[in-house]
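K.L.:
Sequence:
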Amino acid sequence: MSNINLMQQVRIKKKETILAYLRRAFKDFAYPVYLFGSYATERFHGHSDVDILIVLPEVLAGSCYRAACDKLSGLGEAYEILVVPALSGLDPGIRDTLQPLNGPGMRGIMKGKQQFHAVAGEQSQRIRTPASPAVARVSAA
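Its first residue numbered 1, the sequence shown is counted upward by one per residue in this note's numbering.
Derived by calculation from the structure, the hints in this document are not laboratory data.
Bear in mind the structure is a predicted one, so any value in this text is a computation, not a measurement.
Watch out, some of these pointers could steer you wrong.
Restricting the straight-line Cα-Cα distance to at most 25 Å, the calculated cross-link-like pairs of lysine to any residue (SDA-like) are [to be verified]:
1) 27 - 77
2) 14 - 61
3) 15 - 58
4) 27 - 58
5) 13 - 58
6) 71 - 47
7) 15 - 57
8) 27 - 61
9) 13 - 30
10) 71 - 23
11) 27 - 74
12) 15 - 103
13) 27 - 2
14) 14 - 58
Derived CB-CB ranges, DEER-like [claimed, not checked]:
15) 89 - 10: 31 to 39 Å
16) 41 - 6: 29 to 37 Å
17) 70 - 15: 20 to 28 Å
18) 92 - 42: 14 to 22 Å
Built from N, CA and C at the ideal position, the CB exists for glycine as well.
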């Protein structure tokens, strides 16, 4: 077996492990959760973080961020959480890489009978954390 094949197998296994963890962790999350960025495009490297996007009303960003951090605490990788009220205002570079992690197809943007409409130009909140969520830094997008 060549070194290239071995490296490809390691990368595939790492992504599969991370995806399985994320799908289990967010299976019952109340809002749509997506993987994006380098893990979604398979361009990750040893220092890549795991990029997560959550679609929810802005007023719930803080509490849902904390819940997401709790779910990511066992991941063992650095991660970044992007919270947006709608998918329509996203940069196409992000939108085109989204991989749903929860819900049927994956739930769209429906929660009960209330639908969160995609509105272009909405503000998003980007929150980056190191591998240890206890030392979280918060920064505006």
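K.L.:
Take the hints in turn and mark each one as holding or not.
P.N.:
Right, here's what the structure says about each hint:
no.	hint	verdict
1	27 - 77	holds, 19 Å
2	14 - 61	violated, 29 Å
3	15 - 58	violated, 30 Å
4	27 - 58	holds, 21 Å
5	13 - 58	violated, 35 Å
6	71 - 47	holds, 21 Å
7	15 - 57	violated, 29 Å
8	27 - 61	holds, 19 Å
9	13 - 30	violated, 28 Å
10	71 - 23	holds, 10 Å
11	27 - 74	holds, 15 Å
12	15 - 103	holds, 20 Å
13	27 - 2	violated, 37 Å
14	14 - 58	violated, 32 Å
15	89 - 10: 31 to 39 Å	holds, 36 Å
16	41 - 6: 29 to 37 Å	violated, 22 Å
17	70 - 15: 20 to 28 Å	holds, 23 Å
18	92 - 42: 14 to 22 Å	holds, 19 Å
Violated hints for the displayed structure, listed by number in ascending order: 2, 3, 5, 7, 9, 13, 14, 16.
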